[in-house]
Amino acid sequence: MSTPHIQAEAGQIAPRVLLPGDPLRAKYIAETFFDSPVCFNNTRGMLGYTGRYKGVEVSAMGTGMGIPSISIYATELVKFYGVKTLIRVGTCGSFREEIGLKDIILAQGCCTDSAILRRKFDGDYAPLADFALLNTAYEKALAQEKKVFVGLVKSSDMLYQKDKPFGFENWIKYGAIGAEMEGAALYTIAARYKARALCICSVSDGKFQQDVLSAEEKERSLLDMLELALDTAIEF
Amino acid sequence: MSTHIGAQPEQIAQTILLPGDPLRAKYIAETYLTDTFCFNTVRNMLGFTGYYKGKRLSVMGSGMGISSCGIYVHELISDYGVKTLIRVGTAGAISEMLQLGDIVIASGACTTSNINRLIFPGTYCPLADFELTRAAYLLAKEQNCRAFVGNLLSSDLFYDDDAPKDAILQWQRYGVLAGEMESAVLFTLAKKYGVRALTLVTVADSIVFPEKMSAEARERSLDKMILLGLETAASFIKEDAQ
Chain H
1 MSTPHIQAEA GQIAPRVLLP GDPLRAKYIA ETFFDSPVCF NNTRGMLGYT GRYKGVEVSA
61 MGTGMGIPSI SIYATELVKF YGVKTLIRVG TCGSFREEIG LKDIILAQGC CTDSAILRRK
121 FDGDYAPLAD FALLNTAYEK ALAQEKKVFV GLVKSSDMLY QKDKPFGFEN WIKYGAIGAE
181 MEGAALYTIA ARYKARALCI CSVSDGKFQQ DVLSAEEKER SLLDMLELAL DTAIEF
Chain V
1 MSTHIGAQPE QIAQTILLPG DPLRAKYIAE TYLTDTFCFN TVRNMLGFTG YYKGKRLSVM
61 GSGMGISSCG IYVHELISDY GVKTLIRVGT AGAISEMLQL GDIVIASGAC TTSNINRLIF
121 PGTYCPLADF ELTRAAYLLA KEQNCRAFVG NLLSSDLFYD DDAPKDAILQ WQRYGVLAGE
181 MESAVLFTLA KKYGVRALTL VTVADSIVFP EKMSAEARER SLDKMILLGL ETAASFIKED
241 AQ
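Sequences listed follow chains H and V, in order.
My numbering puts the first residue of the first sequence at 1, with every later residue one more than the last.
My numbering puts the first residue of the second sequence at 1, with every later residue one more than the last.
Relax, there's no trap hidden among the hints.
Just so you have them, the derived chain H footprint on chain V, three or more residues with Cβ under 8 Å:
no.	stretch
1	104 to 115
2	140 to 153
3	169 to 178
The calculated label-pair distances, taken between Cβ atoms and stated as ranges, are:
no.	chain 1	residue 1	chain 2	residue 2	range
4	V	114	H	42	39 to 49 Å
5	H	15	V	30	45 to 55 Å
6	H	79	V	214	36 to 46 Å
7	V	238	H	142	19 to 29 Å
Calculated lysine-lysine pairs in the DSSO-like style (CA-CA distance at most 27 Å, straight line):
no.	chain 1	residue 1	chain 2	residue 2
8	H	162	V	192
9	H	194	V	141
10	H	194	V	165
11	H	147	V	238
12	H	140	V	141
13	V	83	H	173
14	V	83	H	147
15	V	224	V	26
16	V	165	H	120
17	V	192	H	173
Derived from the structure by calculation, the hints contain no laboratory data.
Since we're looking at a predicted model, the values are computed, not measured.
For glycine and all other residues, C-beta sits at the position ideal for the given N, C-alpha and C.
Starting from the given sequences, assemble the full structure and let the hints guide the process.
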């Protein structure tokens with residue numbers, strides 16, 4: 001079998017998948033953490049791998065950037081490959097002074113400036129993380145002594161957008177702690193197909209952050225997040 | 001005194017339970033609190049302050065619907081400095097997983113209201129406070145009550161004969177557990193003012209099954225939820241904040 005965007009055969013993708021935006025990061029996850037990884041997709045260069053982490057079968061695949069791209073991959077993974085647990089591992093910007101570079105944000109829910117929810121609902125849908133997954137990740141983060149924040153994350157359609165009449169002010173005023181570009185779609189699609197989803201982000205920049213991470217610091221904080229995501233994934 | 005609440009400053013505790021029905025507020029005060037004092041009778045929206053296991057807390061009706069609840073929540077936070085608000089109400093099951101008497105712990109709420117469309121160029125996501133949600137979840141687990149953590153739909157209209165018959169099914173498809181009428185505004189205002197909020201609801205009827213609760217069963221399962229609300233609230237009251 002294959003789908004329009006994934007060439008894997010049935011059974012080649014594990015029921016739990018880590019989803020970085022960048023396909024090269026999926027490759028990095030496979031090479032760094034997986035025993036005997038197998039590449040199951042190279043369509044559009046969107047690399048996907050399945051291997052074993054602590055003895056449990058796990059996959060990692062890129063989603064591309066933004067709600068339209070992740071919507072394609074998330075839907076095909078849950079609908080055609082029976083994936084039950086999806087954990088996005090990405091970077092985000094921090095809206096809060098107390099949330100600094102390298103800190104980890106677990107998105108309890110995602111608001112968005114995308115139109116996808118308004119098209120689907122006669123009202124405002126609230127895209128939520130699966131609570132069991134969220135709570136497991138939270139408890140593991142505490143146990144691993146990682147600096148973690150749980151809260152509202154904004155999923156934006158445009159990274160570069162200087163012309164918009166509205167800034168981030170109201171989203172921040174009403175509790176958003178960070179921004180990225182995929183979470184709202186991931187949660188909505190997972191809910192539709194009765195799968196679990198969680199969005200874990202490592203803070204890479206922010207409104208209050210002037211520092212720039214060195215390559216080494218970036219790598220270390222990425223490893224911290226990936227370890228948390230993998231340890232969470234194998235519980236489900 | 002605020003526009004709709006007749007209490008003096010300090011008469012309302014920093015932690016409050018909010019049923020929709022003011023008579024339920026009275027019931028909670030009479031049944032579970034000691035040394036109670038009625039702080040509000042304006043519009044008959046009864047409010048009481050007392051002690052639960054030695055910890056000072058209040059309970060007050062919110063009325064029905066986002067508009068009414070929004071008024072009380074706003075005044076409680078901005079005029080009386082309330083820091084923790086827990087709605088305790090009833091809901092109709094939307095998900096097929098639920099049975100009569102089940103408790104839903106809302107981690108977020110969808111809505112058919114326009115309130116957030118006026119503020120945001122997109123779709124806002126009203127969320128409960130994570131730590132309150134988690135505390136209620138752990139307490140429910142400890143007490144072995146059937147409780148589900150997830151999404152609610154806060155509707156503006158209880159009676160909506162003109163809505164397409166399958167309108168509710170779209171919310172069901174996307175995992176919404178149950179419908180009620182207040183949580184979206186409670187969560188939105190709590191985030192705006194940086195305070196904690198949570199909703200607990202008991203399933204009293206459903207769009208997916210015809211059964212309704214008997215008055216007696218209703219009372220019994222409401223008590224279970226009220227106790228969960230009180231215990232959750234109490235776990236957030238510091239001894240020195242009384």
